[in-house]
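Please take these sequences and the hints and turn them into a complete structure.
So the sequence lines, in the order shown, correspond to chains A and B. Mapping to UniProt numbering: the first sequence position 115 is 115, numbers consecutive. Mapping to UniProt numbering: the second sequence position 270 is 270, numbers consecutive.
One should not assume that every hint holds.
Chain copies aren't distinguished; within one or between two, either way the pair holds.
[Said to hold, decoys possible] Mimicking DMTMM-like on lysine to aspartate or glutamate, the simulated pairs with C-alpha atoms at most 25 Å apart in a straight line are:
(1) Lys101 to Glu111
(2) Lys344 to Glu156
(3) Lys38 to Glu27
(4) Lys291 to Asp12
Since the hints were made in silico from the structure, they are not lab data.
Protein chains: 2
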Amino acid sequence: MVFTSTTAADFDTIFSTLLERGKMDIEHVTAIVGGIIKEIRSEQNTALKRHIAKFDQWTPEKDEELKIDAEAMAQAYTLLEPELKSALHLAYDRIKAYHEKQLPKSWFDTESNGTILGQKVTPVDRAGLYIPGGKAAYPSSLLMNVIPAQVAGVEEIVVCTPTPENEPNALLLAACHLCGVTEVYKVGGASAIAAMAYGTETIPKVDVITGPGNIFVATAKKLVFGDVNIDMIAGPSEIGVLADASANANHIAIDLLSQAEHDEMASSILITPSAELAEQVNLEIEAWLQKLPREQIARKSIVERGAIIVARDMAEAVALMNEVAPEHLEVSTDNPFELLASIKHAGAIFLGHYTPEAIGDYVAGPNHTLPTGGTARFYSPLGVENFLKKSSVIAFSRAAINEIGEACALIAHTEGLTAHEQSVRVRMGSAE
Amino acid sequence: MVFTSTTAADFDTIFSTLLERGKMDIEHVTAIVGGIIKEIRSEQNTALKRHIAKFDQWTPEKDEELKIDAEAMAQAYTLLEPELKSALHLAYDRIKAYHEKQLPKSWFDTESNGTILGQKVTPVDRAGLYIPGGKAAYPSSLLMNVIPAQVAGVEEIVVCTPTPENEPNALLLAACHLCGVTEVYKVGGASAIAAMAYGTETIPKVDVITGPGNIFVATAKKLVFGDVNIDMIAGPSEIGVLADASANANHIAIDLLSQAEHDEMASSILITPSAELAEQVNLEIEAWLQKLPREQIARKSIVERGAIIVARDMAEAVALMNEVAPEHLEVSTDNPFELLASIKHAGAIFLGHYTPEAIGDYVAGPNHTLPTGGTARFYSPLGVENFLKKSSVIAFSRAAINEIGEACALIAHTEGLTAHEQSVRVRMGSAE
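And the structure:
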């Protein structure tokens, strides 16, 4: 754990190291993943089955075995505890309501000469969602990926999830039924990404692939990018907390640990102008750690990748946090909205003392798939837009081409593109 | 040139080949480009200068020589022919007006318990625009990349363009001055992409890289994706035309050639239910070809990658064109809007007899940087959104966490994430 202050002599060096957190070095797995993708492209299901036998310890014989039966999903849903069922429905409804507010509309505008310019918004035909599997199968990941695709209006939604020993995770099955997803394949890792990017005898080729995954999945997504679109290349989870003396140290400590318990590679960073809060949080972290079932993971993450930084003032804290550009950013002050304008880079911003990051993981509504490792500088949260694309719409009238055609023809001529020029000129001055 | 009909026995085979047009096989240059990127990352300006000496035939000695002088840009602007200057200003104003209409707003919504949910839209800090150089330096490419970044509110815009023999293209310089761009570097190819992605002593590291380029540039963009964002991976230009008997064959022919003259690898595809129009366009293409200064390029493109397909009816033509998903799509019918709903995949849609594709390349307003090779299935035109990113905003009240905290804690518990659960529970039931 780094515990330092911005006045420390070695602060710049320490902070630079923090900024490098979670940088994904995918180079060492690129050759392996490239090989897997080639196998899937050339051998399709045959290669898929071979990879399943190798990584998931079961051997599908028929192609149909790759798909999870709708009946099994319905049954898993029926067997859900009533309270959990209600909680998942609440999550579904709130996530859906939030994403519906994101939906952009097609638009157009007209000019007095009759010109119409606009943008047509269209969903992609097919989306492929990757959901990690086995013990770490999270129904919340399914909801967070399926709902934006559904709200976007995607007609065909395909889910791939690894299924070790051919034993599907019951919670994930139930969540599939709850979401109304029917095309779920027991395929994981880079093979699943390749199968969805290029298609096999059983798994349809999709247009967009989203969803979390390990470094093999992330690398596969990067390699197929361009042949399909992807949401982002994501690394380990992380949280940044901006807090002042008004914050509850006990709450901040458990919030930092809620990222740390995900993954030994997760990062938790508190920046505060209050030296006293910094000290208290440090103590509370230790107290909480001893109570956590996932203590071992959380402790390793905190020790190796946790940081508490005392800043000169909140302005400095905010400036540093903008450099961190964290996936999750909590602002734990009495009036957090006064800082909102100065926060430039963060995947999701959690404002105030009653907004723990975990509320955004499940039920608040916004997506929990967020840019990590400082990529919030340029990536957005997963959303409806990831499943849409736009087409420019241009309709010129005869009057319009006569009005501005000459300027167009002149630039085309200057660029030496005569056919461009002529395609405009032949339409100018046309007789009525 | 393919001249066929959908009733031909071998149509499916022919059409499948068309769908594979412009697929970028970047694998064979990946190793070369990967090496270039490594050199720039480790040696920065030293490597840049070496690459310039090799590819652009001049040797910068000082770092300052990499940057184009603002004075040179102002002077080039002054020397523009007045008519061309007006034409470029018209283009600038129209492109800006169109892109301003794209600008999304930050938004929020409130719930009766005090919860606030929303999205904050923020421009990226720095954008890097790649503009191909030398003889093929197009001022229109500069406008189409700079303006969306400016409208998005990007504070620092960096332009890289190769400058063979250290002789900047006067038109490009003039366009830079017109757009108010000041940071222009004489660096091209994969080196320029790497320099903008990772920074050098002279060129700042950016957050987003956009702009056209050859296969080395496209490959470099793919390789740096994840460390920065990019617009898309684009290949050769292409046009699809849907036309019926009401279309003017002479106009359609020159429109097809306006793509063909770009590049021997460009594709021009007409699909029409009118066998007569198909025949006439075929004849008109030959007549036009003989008049074009760029005949050689256009002829090779048309012969090797052109296609005229006679469909059974317009519905079939539209369905086929959706499979093509062309970069540019012209709809040349009397009432083109009646087809708009059925057009799903195209970068830009040009409606009616008076909307040649070239009008969209220069002055109409929409961006001319568009997805190619069928990637209109999932990519959008370059636009303001490429220079923005979003942050989710979540502010829960005490009442809200008490209302839905239990559902959140239950799902977290079920997923085995105790710290998540506790971070919610510690805030529930808090005393006023």
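Hint by hint, here is what the structure shows:
Only between protomers do Lys101 and Glu111 lie at most 25 Å apart by alpha-carbon distance; the minimum there is 14 Å, versus 29 Å within a single protomer. In the homo-oligomer, the alpha carbons of Lys344 and Glu156 lie at most 25 Å apart only across protomers (15 Å), although the nearest pairing inside one protomer, at 36 Å, exceeds that limit. In this homomeric assembly, Lys38 and Glu27 come within 25 Å of each other (Cα to Cα) both inside a single copy, at 17 Å, and across copies, at 12 Å. Proximity of Lys291 to Asp12 under the C-alpha cut-off of 25 Å is found in neither arrangement, the shortest distances being 34 Å within a copy and 65 Å between copies.
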